[in-house]
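Undergrad: The lines below spell out each chain.
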Amino acid sequence: AQRVTQPEKLLSVFKGAPVELKCNYSYSGSPELFWYVQYSRQRLQLLLRHISRESIKGFTADLNKGETSFHLKKPFAQEEDSAMYYCALIRGSTLGRLYFGRGTQLTVWP
Amino acid sequence: DVKVTQSSRYLVKRTGEKVFLECVQDMDHENMFWYRQDPGLGLRLIYFSYDVKMKEKGDIPEGYSVSREKKERFSLILESASTNQTSMYLCASSSPGLSAELFFGSGTQLSVL
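Each protein sequence line maps, in turn, to chains A and B. Residue numbers 1 to 110, in my numbering, belong to the letters of the first sequence in order. Residue numbers 1 to 113, in my numbering, belong to the letters of the second sequence in order.
It is possible that some hints are incorrect.
Claimed, not checked - To be clear about the criterion: a stretch of chain B counts as covered by chain A if any three or more of its residues have a C-beta under 8 Å from a C-beta of chain A, and this derived list gives those stretches:
hint: 1; region: 41-49
hint: 2; region: 81-89
Said to hold, decoys possible - Chain A residues, not near chain B, derived (Cβ > 10 Å throughout):
hint: 3; residue: Lys-9
hint: 4; residue: Tyr-39
hint: 5; residue: Gly-103
Please keep in mind that the hints were generated in silico from the structure rather than gathered at the bench. A virtual CB, placed ideally from N, CA and C, is assigned to each residue, including glycine.
Given the sequences, and given the hints that come with them, work out the whole structure.
TA: Shown next as structure tokens:
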């Protein structure tokens, strides 16, 4: 069963435009949600986690339990934001096992 | 700085060969994971381990096995490589806990001919 859904495989915006990468999850309990990012020729790395309620590189993500969503947003995209973004979820019972979405490739044009 | 090291960046093998992918982490993490990454399919978990000599199947364990004899090392074994196992393989490690960050290796691109 698909637990994390990222509906857009590809997303393109122009520099300075707002960007939103969508993520929906299916889990009836209290999930822990994350965004991971992979820049070209770099390792996959954590971008942010919902429990921290932090903004990293201008990105924020709010957990909406009613809509079961955890969309990633940035008000003004930069060219260096171009990367593959994965939404991921840990269920309460799985001791650190992450379930990943299929990823969204973001391209920010100059 | 956490280091997760995968022994090979690129590997080319023939159908039917036994293939070993090695992963070593230097942060004393209990958890280690093997994922495969395919375009359009995202990351799929093959196997994971919570402790030495312990292993759990992930979503796609068929055709794979693992070994964890030491805490820092987690090996993925393809018993008899097939062309549909051509993929990018990512190793990761983490501490226990719901919010523990996964640290990834740089990946091994395996081609099975």
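Undergrad: Taking the hints in turn, state whether each one holds.
TA: Hint by hint, here is what the structure shows:
| no. | hint | in the structure |
| --- | --- | --- |
| 1 | 41-49 | holds (count 6) |
| 2 | 81-89 | violated (count 0) |
| 3 | Lys-9 | violated (7 Å) |
| 4 | Tyr-39 | holds (12 Å) |
| 5 | Gly-103 | violated (5 Å) |
Violated hints, in rising order: 2, 3, 5; the structure is consistent with all others.
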